[in-house]
Amino acid sequence: SQELEQSPQSLIVQEGKNLTINCTSSKTLYGLYWYKQKYGEGLIFLMMLQKGGEEKSHEKITAKLDEKKQQSSLHITASQPSHAGIYLCGADSGAGSYQLTFGKGTKLSVIP
Amino acid sequence: GAGVSQTPSNKVTEKGKYVELRCDPISGHTALYWYRQSLGQGPEFLIYFQGTGAADDSGLPNDRFFAVRPEGSVSTLKIQRTERGDSAVYLCASSQGLGELFFGEGSRLTVL
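These protein sequences, in sequence, are chains A and B. Quick note, the first sequence lines up with residues 1 to 112 if you use this note's numbering. Quick note, the second sequence lines up with residues 1 to 112 if you use this note's numbering.
Hints may be right or wrong, so weigh each one.
Said to hold, decoys possible - With a straight-line cut-off of 30 Å between C-alpha atoms, the simulated DSS-like cross-links for lysine-lysine are:
id : chain 1 : residue 1 : chain 2 : residue 2
1  : B       : K17       : A       : K51
2  : A       : K64       : A       : K17
3  : B       : K11       : A       : K104
4  : B       : K11       : A       : K68
5  : B       : K11       : A       : K36
6  : A       : K64       : B       : K78
7  : B       : K78       : A       : K104
8  : B       : K11       : A       : K107
9  : B       : K17       : A       : K107
Unchecked claim - Here are the simulated distance ranges between beta carbons:
id : chain 1 : residue 1 : chain 2 : residue 2 : range
10 : A       : T77       : B       : G51       : 38 to 48 Å
11 : B       : L39       : A       : E67       : 19 to 29 Å
12 : A       : I44       : B       : L39       : 16 to 26 Å
13 : A       : K17       : B       : G51       : 26 to 36 Å
14 : B       : K15       : A       : S10       : 25 to 35 Å
15 : A       : Q50       : B       : G59       : 30 to 40 Å
Please keep in mind that the hints were generated in silico from the structure rather than gathered at the bench. Keep in mind the model is a prediction, meaning the values are calculated, not measured. For every residue, glycine included, the Cβ atom is placed at its ideal position computed from N, Cα and C.
Given the sequences, and given the hints that come with them, work out the whole structure.
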């Protein structure tokens with residue numbers, strides 16, 4: 001079965017600093033999803049990556065899928081307190097798959 | 001509705017009791033998913049519905065867990081003879097085909 005490892009497990013940064021969260025898969029990634037979760041709330045979809053080398057950005061958040069399609073990174077530029085939360089990567093196992101396997105998440109705290 | 005709605009948001013029950021958790025997906029979404037998230041972990045897949053039928057229930061941990069979606073919209077997750085290990089946040093998600101899953105805010109179950 002596919003396993004996703006996220007690093008770091010937790011991260012504390014000063015407001016305005018840049019940061020990167022990594023997600024490494026034990027198998028080739030076909031679809032890689034990034035979600036954000038705040039305590040007591042559901043998951044909020046951020047981005048989906050499918051092609052090796054693909055990069056997507058939304059506001060100050062950029063996600064990349066490496067060429068070999070076994071690792072993804074999420075980069076936040078000029079972090080703000082609103083970026084605080086748990087970031088989860090999820091992956092599907094192949095074409096036509098609907099079941100997502102999630103990593104354990106990275107807890108981000110942003111200090112004003 | 002505008003988003004995925006789950007009720008109750010919190011449920012405290014005693015060991016051995018029966019529990020029902022409800023999910024109202026986004027209108028028109030044919031696919032519905034149940035996930036379970038324990039503290040400090042990512043969501044784990046339980047069951048997937050396409051329309052009224054359970055297309056994949058391989059994630060249900062044992063026969064105490066059962067889910068239905070009789071009219072292809074609202075779904076109910078049923079847990080019999082609850083155990084303390086069942087305590088978790090139960091997340092429901094829906095989608096229109098493959099791709100982005102829209103999650104509800106979850107039902108937090110505590111079994112005393």
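To test your reading of the hints: which numbers does this structure violate? 1, 4, 6, 9, 11, 13, 15
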